[in-house]
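Asks: Protein sequences appear in the order of chains A and B.
Per the UniProt record's numbering, residue 1 is the first one in the first sequence, and the count goes up by one each step.
Per the UniProt record's numbering, residue 1 is the first one in the second sequence, and the count goes up by one each step.
Note that these hints are calculated values from the structure, not bench results.
Here the structure is a predicted model, which is why all the values come from computation and not from measurement.
Do not take every clue at face value.
For each label pair, taking beta carbons as the anchor points, the in silico distance ranges come out as [said to hold, decoys possible]:
hint, chain 1, residue 1, chain 2, residue 2, range
1, A, M1, B, S135, 40 to 50 Å
2, A, G31, B, T62, 49 to 59 Å
3, A, T101, B, N76, 33 to 43 Å
4, B, G46, A, K68, 19 to 29 Å
Just a few of them, taken from the derived set where beta-carbon distance is under 7 Å, the chain A residues facing chain B [said to hold, decoys possible]:
hint, residue
5, S44
6, S58
7, T105
We treat Cβ as the ideally placed atom computed from N, Cα and C, and that holds for glycine.
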Amino acid sequence: MAEVHIIGEIVGASCFPENSLFCKWGIHAGGAWKLLAGCKEGQSQVDIPVDEEFCAWSHPIDIHFATKGLQGWPKFHFQVYHQDSYGRNELYGYGFCYVPTAPGTHDVECVTWRPTGQFREQISHNFVGGGPQLRNPDLVYTSSDRDLLHTVGMGKIHLQLGIILRNFDKFGVEC
Amino acid sequence: MQGNISTFNMASNPSVFLLMVTGQIETGDFPSISDDLYVKFNYVYGQDWVTTAGLEEGTSQTSKKSQDDRSLYAWNFPLDVTFKSTNPFGWPQLVINIHGQDVFGTAVVRGYGAVHLPISPGRHVRHMPMFVPESSSHFQKFTSWAMSRRPEFRDHNTVARSEGREVTRVKSQGSVRVTFNVVSRDMKKLGYDVVPSTLSIPSAATASAMASNPTTGAGAAAVPTANVFAMKTS
Numbered sequence: 001m002a003e004v005h006i007i008g009e010i011v012g013a014s015c016f017p018e019n020s021l022f023c024k025w026g027i028h029a030g031g032a033w034k035l036l037a038g039c040k041e042g043q044s045q046v047d048i049p050v051d052e053e054f055c056a057w058s059h060p061i062d063i064h065f066a067t068k069g070l071q072g073w074p075k076f077h078f079q080v081y082h083q084d085s086y087g088r089n090e091l092y093g094y095g096f097c098y099v100p101t102a103p104g105t106h107d108v109e110c111v112t113w114r115p116t117g118q119f120r121e122q123i124s125h126n127f128v129g130g131g132p133q134l135r136n137p138d139l140v141y142t143s144s145d146r147d148l149l150h151t152v153g154m155g156k157i158h159l160q161l162g163i164i165l166r167n168f169d170k171f172g173v174e175c
Numbered sequence: 001m002q003g004n005i006s007t008f009n010m011a012s013n014p015s016v017f018l019l020m021v022t023g024q025i026e027t028g029d030f031p032s033i034s035d036d037l038y039v040k041f042n043y044v045y046g047q048d049w050v051t052t053a054g055l056e057e058g059t060s061q062t063s064k065k066s067q068d069d070r071s072l073y074a075w076n077f078p079l080d081v082t083f084k085s086t087n088p089f090g091w092p093q094l095v096i097n098i099h100g101q102d103v104f105g106t107a108v109v110r111g112y113g114a115v116h117l118p119i120s121p122g123r124h125v126r127h128m129p130m131f132v133p134e135s136s137s138h139f140q141k142f143t144s145w146a147m148s149r150r151p152e153f154r155d156h157n158t159v160a161r162s163e164g165r166e167v168t169r170v171k172s173q174g175s176v177r178v179t180f181n182v183v184s185r186d187m188k189k190l191g192y193d194v195v196p197s198t199l200s201i202p203s204a205a206t207a208s209a210m211a212s213n214p215t216t217g218a219g220a221a222a223v224p225t226a227n228v229f230a231m232k233t234s
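Modelling step: build the complete structure from the supplied sequences, incorporating the hints.
Replies: Okay, here's the thing in C-alpha cells:
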C-alpha cells in the first residue's frame, strides 16, 4: 500500500469582515483510504488579534494515510465561525481544498463563502446578524447540488502543508 | 553522539532516516509590546523520534527593540539539531515562548507559538504567529486584572497539540521569523518522497536506457532530455 503523510499547520485566516474567529476542520478521503495515525478532524482556538489583520490559529496537522488507490484523494473542509464577546458563534464561511498531490512543502490558500439565502434572510442578516447554514455540510466538498445555492465570498484560510509520499513510484504513480 | 551524519557510513539497508536541521530564530515583530524580550525554545515530537545530536532546548539573550523604524527584536539565535526516526508521523515541531516583564517587573509570557520543522530539504523561512491565552470568563478577567497576573498555559507544549484547542481563546500579538536549513538522509531508501524530483518516472527507465545506448545520429538532440530523466531516477 502507498502512504501519504500530511504534516503542517492551519496557519490562520485573513480578509474576514471581523476577527475573533475559529474554525472547525475535517479531512475527507475516499473509501480506499485508511487513516493510520493522527486526528482527521478538529477545532482551532479562537483568536482575537491585536493588530486586527491576521487571525492566527497555528493549528498543527499531522496525518498518516495508507491507500490502495488514487480515487478520493483527501481534501480538507472548513467551517469558519465568528465568536462575539458573549460567546455566541456565527457562521462566517465554508471552504474546502484538496491536499496537494506533489510531495514537498506547499502554501495553500482556501477561499470561503457563506450562503446568503433569500432576500428576507439577507435583510434580517443585515439587521440582527445570523444567517442560513447548510443543512448538509457535505455540500462543501461535493460538486453536485450546488446549483440552487446563492452565496457570498468571505475571507481566506491559509495553510502550510508538507506532503510526504511513500511507495507511490513502486506502483507506477506519477505525482 | 557527534554522529551518524558526519561519518557518512554507507548503510545499505537503513532502518532509520535522519533529519538534520540548522537555522536561527532571527527576529521578532511585536508592535504592541515595548519591554525587553527573550526567547525559549524546545522541540515536541512523536514516540518514534529521537534526537541524536544538538540542543533540544535553549534560552536566548534578552533583547530590546531595534531603534530604527522596523522596531524589531533581533535575537539571531542559532538552532542546530539532528533527529532520527522510522516514521514521519510525529514530525518534530519547534515550540517558542517569548518572555518579558510587565510594568511592575513581574515576568510574563508575551507569546506562545509552534511550527512543524520543514519536511523537505533546502532553506525555509517561517513566520510564526505569537499569541497568549485570554481569560475564559469575565470573573477571571477581573481577578487577573486585580492581581495583575496574566493567564498562562500550564504546559507550554499545549500549542503543539491539535486536541483540546476548542476551549482556548487567545490574543495574537506579533510574530517571530525563523529560518531553517533542512538536510535529510535515507528518506528515499525507506521509500519516502519529500520532493517531486525523487519520484522516479516510470517511463524514465526507458529514457535512460535510450540515453546509454545512442544508436543513431538523431539521438544527439534527444540525449540531453534523456539525461535529465536519468538523473531524476538515480
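Asks: Compare the structure with each hint and give your call.
Replies: Evaluated hints:
1. A:M1 to B:S135: 40 to 50 Å: Because 48 Å falls inside the window, the suggested range holds.
2. A:G31 to B:T62: 49 to 59 Å: holds, 55 Å
3. A:T101 to B:N76: 33 to 43 Å: holds, 38 Å
4. B:G46 to A:K68: 19 to 29 Å: Because 25 Å falls inside the window, the suggested range holds.
5. S44: For A:S44, the interface hint holds, since the closest Cβ of chain B sits about 6 Å away, which is under 7 Å.
6. S58: Given a least distance of 6 Å, the restraint on A:S58 holds.
7. T105: holds, 5 Å
Violated hints: none; the structure is consistent with every hint.
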